[in-house]
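Please take these sequences and the hints and turn them into a complete structure.
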Amino acid sequence: MLLEGEFLIPFNKPLVTGKEIEYIQQVLENQKLSGDGPFTKKCNTWFEDKLGCKKALLTTSCTHALEMAAILADIQPGDEVIMPSYTFVSTANAFVLRGAKIV
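The sequence shown lines up with residues 0 to 102 when you count with numbering that gives the first Met the number 0.
Since the hints were derived computationally from the structure, they do not count as laboratory data.
It should be emphasised that the depicted structure is a prediction, and the values quoted were computed from it without experimental measurement.
You may find that some hints are simply not true.
30 Å max Cα-Cα, derived DSSO-like pairs, lysine-lysine [what the hints assert, rightly or not]:
hint, residue 1, residue 2
1, K40, K54
2, K41, K12
3, K41, K31
4, K41, K18
5, K18, K40
6, K40, K53
7, K31, K18
In structure tokens, the structure reads:
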């Protein structure tokens with residue numbers, strides 16, 4: 000129960016600070032909503048330039064990124080993966096699905 004003058008910190012509320020609405024409109028007009036559209040390419044290029052890396056790959060979620068990490072790390076049955084005790088279940092799922100033991 001909130002007392003008078005108290006407020007909750009917004010969760011998952013998009014913050015609009017610039018041209019986001021304009022860019023969303025472009026996405027809708029061009030019907031390029033998939034992960035390989037022009038804005039994804041711009042983001043990839045931005046990360047590659049800023050990080051000085053050969054290739055950046057965006058994912059649709061942290062869950063997908065963890066799945067990819069487990070595959071790239073070649074996690075095998077019986078491997079031990081250290082993770083925090085307080086986390087989302089999908090953090091462990093990416094590794095458990097490959098037979099790893101969470102420690």
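Hint check, failures only: Checked against the structure, no hint fails, so every one of them is satisfied.
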